[in-house]
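Residue numbers (this note's numbering): 46 to 976.
Hints in this document: simulated from the structure, not taken from any laboratory. Even for Gly, the Cβ is constructed at its ideal location relative to N, Cα and C. Do not take every clue at face value.
Calculated pairs, SDA-like style, for lysine to any residue (alpha carbon to alpha carbon, straight line, at most 25 Å) [to be verified]:
(1) 109 - 56
(2) 496 - 479
(3) 93 - 203
(4) 201 - 100
(5) 137 - 205
(6) 575 - 559
(7) 311 - 384
(8) 529 - 503
(9) 762 - 725
(10) 754 - 742
(11) 607 - 479
(12) 958 - 941
(13) 201 - 106
(14) 917 - 742
(15) 93 - 198
(16) 917 - 943
(17) 137 - 80
(18) 607 - 632
(19) 762 - 810
The calculated label-pair distances, taken between Cβ atoms and stated as ranges, are [as the list claims (entries may be wrong)]:
(20) 756 - 943: 32 to 40 Å
(21) 346 - 600: 53 to 61 Å
(22) 148 - 247: 21 to 29 Å
(23) 148 - 381: 52 to 60 Å
(24) 575 - 346: 27 to 35 Å
(25) 466 - 97: 56 to 64 Å
(26) 108 - 79: 19 to 27 Å
(27) 199 - 148: 28 to 36 Å
(28) 109 - 346: 17 to 25 Å
(29) 271 - 446: 53 to 61 Å
(30) 756 - 845: 17 to 25 Å
(31) 600 - 765: 49 to 57 Å
(32) 309 - 185: 29 to 37 Å
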Amino acid sequence: MDGATLDRSPQDLLQFDPERIAREIDALADRHAGNDDTFRAAMAQLLKAEHTHARDMAQAELLKDRHGRHCAERLCYVQDEIIRILFNVATKRLYRSPTPSDSERMAVVATGGYGRGLMAPESDIDLLFVLPYKQTAWGEQVAEAILYCLWDMGLKVGHATRSVDESIRQARADMTIRTSILETRFLTGDAALYDELLTRFDKDVVQGTAAEFVAAKLAEREERHRRAGQSRYLVEPNVKDGKGGLRDLHTLFWIAKYVYRVSDTKELLQRGVFDAQEYRTFRRCADFLWSVRCNMHFFTGRAEERLSFDMQREIAQRLGYTSHPGMQDVERFMKHYFLMAKDVGDLTAILCAKLEDQEAKPAPVLSRMMARLRPSRKRSKVPGSSDFIIDNNRINLAAPDVFKNDPVNLIRIFRLAQKNNLAFHPDAMRAATRSLNLITPQLRENSEANKLFMEILTSNDAEIVLRRMNETGVLGQFIRAFGKIVSMMQFNMYHHYTVDEHLLRCIGILQDIERGGHEEFVVTTDLMRKIRPENRAVLYMSVFLHDIAKGRPEDHSVAGAKVARRLCPRFGFNPADTETIAWLIQEHLTMSTLAQSRDLSDRKTIENFAAVVQSVEHMKLLTILTTADIRGVGPGVWNGWKAQLIRTLYYETEPVLTGGFSEVNRAQRIEVAQAEFRAAFNEWPERELDSYIARHYPAYWLKVDLPRKIRHARFVKSSEHSKGKLSIHVGFDEARAVTELTILAPDHPWLLSIIAGACASAGANIVDAQIYTTTDGLALDTIAISREYDRDEDEARRATRIGEIVEQTLEGKLRLPEVMARRVAAKPKLRPFVVEPEVVINNQWSDRYTVIEVSGLDRPGLLYQLTTAISKLNLNIASAHVATFGERARDVFYVTDLLGAQITAPTRQAAIKRAVVHLLANGDAADKPAA
């Protein structure tokens, strides 16, 4: 935006002229003299039209200059002028007092966010009507006249009417009201009344209460972060209330304003709270966040504060971001967002350090950076180095030039803090950030610095220390490849965090696995203890680097292996270990993909996986890496079913790697699984238990986790007592936010398709499915669908409806194609994601079946459409493996032709592929006859 445009007044830019509007309102008053109701309605209509036009102009200017703070100032200006106009009308036209008494005074004051002089398009207007001690009906009438007109304009207004004494009394008792008055701004009316409020507030409320206010605001901030999601790296952040959002900047200013009694952010610079660079950062963060927030409000037409996937691309384009090789426009925008959120966190630490120096609040509340703190000591040397001191349980610099004199100290400080269980002093972290230029190629190749880094990576509390290294910028500078993925988001629904946050969380999970004691990691903890000691560092480095090449044009697994080969020798790894790390990174998705999308009872699946891993040691390392990776994606992604699949793949492959496929070994593991079930489930007599165990095929005992086996047994027994053709059990998995439907019914070639169609017709989206057949001809299927309702009772009713549709379809009372046709007629909501359809047809993944792997954008009804289309292509589905990774569906079908043979003819394979790709792209092939 050029200087000439910046200098133009809001009145010119928005074509909003208060004097002209006031004249038009005077004309309306004269025209409707004697009829106040008609006049008020006409005035509200006029002001609403002017307000709407000004908003439209403000949005046009925002799209042109992309400056959110200026937009917020312009919108605030319009609102200020409307309130001044209304006050004048109320006091001079509607409730004019020719000889006003001392009690007929009022100050109209903006409070809260509006009081800061900045307004988002859909923000509430917070007003305080300050009245004198002696009040008359006049004050109430004027306030009501203003409020009713604002409400008639369709605006959201929060208000309070109080005397100065009432305001002071309530501010003492309520921290929210105290903060609101702290941010007041005089709009119109009696200025002396407002000045009295400020004087009394400073003297009777603020004086001597700084520590109390700071502690309350920081506690409030912690609770707000807890509600919005603790990490500032959530991929759908809350721009207002999330960690690193606007409210954090507001909290900073509230604290500074209260403690230092400043009225403008520029005074933070003058008072030495921030230096010039930090103040510029404060302004830059605020400008950026206001740009995002204003665009969000304009785009959605409501006070939307969560930057959800369905608007991220639109906001990115509004702000002028473009795509680069390997990174979409939306990913570049969100990376910028998270870098800003990080800067907001740094500013908070700086202000807290300043306050601690002045003892504005107790130090322990400000310094919860480490999990465990040593007993308090005032100041002493850090063991092992004279360059650092212990300052109130936190590591700090012994002298200002510690980093300059020895740049290795930029790494050493983190290792010493870790080794001695010390928190980090904000001043030391501030100095580290300012010394990033000292991290040169020479330091990166320094053997001691790299040795210290490996000690950090492989010692206790590595996640915490690495996160502090990342926040200061040291980690990204020391390992340049890591710096490229800092704050990088992946525009998909599967990953909950930015890439760097995911990697750091995976390190924390790896340490949890190694420590043991977690039921979800029993197998991997055992494997961790059995790997060769020299491979421990190999595993930590593999976990740290496995997604290091995200955002590059080529496949991140292949590119990541190249990065590892370049980096690992620097950290002391020999060529063999370097190659192992590179292999683990290149194959880090293989085990997860095979476990969730292949038939693990098919010998060819196991042999193919064995050919990839080649040794038991490699498989142990890959199993641990895979577990940490899935668990680190986000809450609810790792579950007992996935753990069991990984475990099954490992134990099915182990005999192949140790001397050939061993049916005996497999039989022993089936016996162990059955014995485990017998020991845990003692509700039935032995004969009944034997009979039930015999009803399940071997694969069931290997692939289903124990809690689910017990639930299945109870469900099957209760189903038999009900004597219905079909039984359904509804369960709720809160961690995954899914509802699980377990269905027992006579096996039928089209049963999976019918269940999928029933779910789709009820608006339920299938996210995964576990499908088993009993030896006596029953199908036992567990289908996980995304939750639609908050209440379990509502979800249960929807699940019951799905069961009814399945039963009616099996009995021939309902035709699913007709039901689905009616549903498809209503256009589904557009998704913000694009997933290129991909279909692979392979005869090498199984000796008996042709495997069709389908990958595309998930949508309600997709599984029904796929299974119907495959059946109409005259194919028998022997087994299906259904999984969803965020917005991407990956479904694998083991099929034969109608004679039970593989599909080998290239023309037939091409026809199948064409039909399925067309379905993925257009979504309308399921109910059309096969070509």
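Results of checking the hints against the structure:
1. 109 - 56: Holds. Residue 109 to residue 56 sits at ~17 Å (cutoff 25 Å).
2. 496 - 479: Distance of about 23 Å is within 25 Å: holds.
3. 93 - 203: 18 Å, holds
4. 201 - 100: The hint holds at about 15 Å.
5. 137 - 205: Satisfied, since the Cα-Cα distance of roughly 22 Å is no more than 25 Å.
6. 575 - 559: 11 Å, holds
7. 311 - 384: 23 Å, holds
8. 529 - 503: 23 Å, holds
9. 762 - 725: Holds, at about 17 Å.
10. 754 - 742: 13 Å, holds
11. 607 - 479: Distance of about 31 Å is beyond 25 Å: violated.
12. 958 - 941: Cα-Cα ~15 Å, so holds.
13. 201 - 106: 24 Å, holds
14. 917 - 742: 29 Å, violated
15. 93 - 198: 5 Å, holds
16. 917 - 943: It holds: about 11 Å lies between the C-alpha atoms, which stays within 25 Å.
17. 137 - 80: Since the Cα atoms of residue 137 and residue 80 sit roughly 16 Å apart, the hinted pair holds (cutoff 25 Å).
18. 607 - 632: Cα-Cα ~13 Å, so holds.
19. 762 - 810: 28 Å, violated
20. 756 - 943: 32 to 40 Å: Holds: the Cβ-Cβ distance is about 36 Å, inside 32 to 40 Å.
21. 346 - 600: 53 to 61 Å: 40 Å, violated
22. 148 - 247: 21 to 29 Å: 25 Å, holds
23. 148 - 381: 52 to 60 Å: Holds, at about 54 Å.
24. 575 - 346: 27 to 35 Å: Violated, since residue 575 and residue 346 (Cβ atoms, about 59 Å apart) do not stay within the stated range.
25. 466 - 97: 56 to 64 Å: Because 60 Å falls inside the window, the suggested range holds.
26. 108 - 79: 19 to 27 Å: 46 Å, violated
27. 199 - 148: 28 to 36 Å: 33 Å, holds
28. 109 - 346: 17 to 25 Å: 20 Å, holds
29. 271 - 446: 53 to 61 Å: About 40 Å separates the Cβ atoms of residue 271 and residue 446, which means 53 to 61 Å is violated.
30. 756 - 845: 17 to 25 Å: Holds: the Cβ-Cβ distance is about 18 Å, inside 17 to 25 Å.
31. 600 - 765: 49 to 57 Å: Holds, at about 50 Å.
32. 309 - 185: 29 to 37 Å: 34 Å, holds
The structure is inconsistent with the numbered hints 11, 14, 19, 21, 24, 26 and 29, although it conforms to all the rest.
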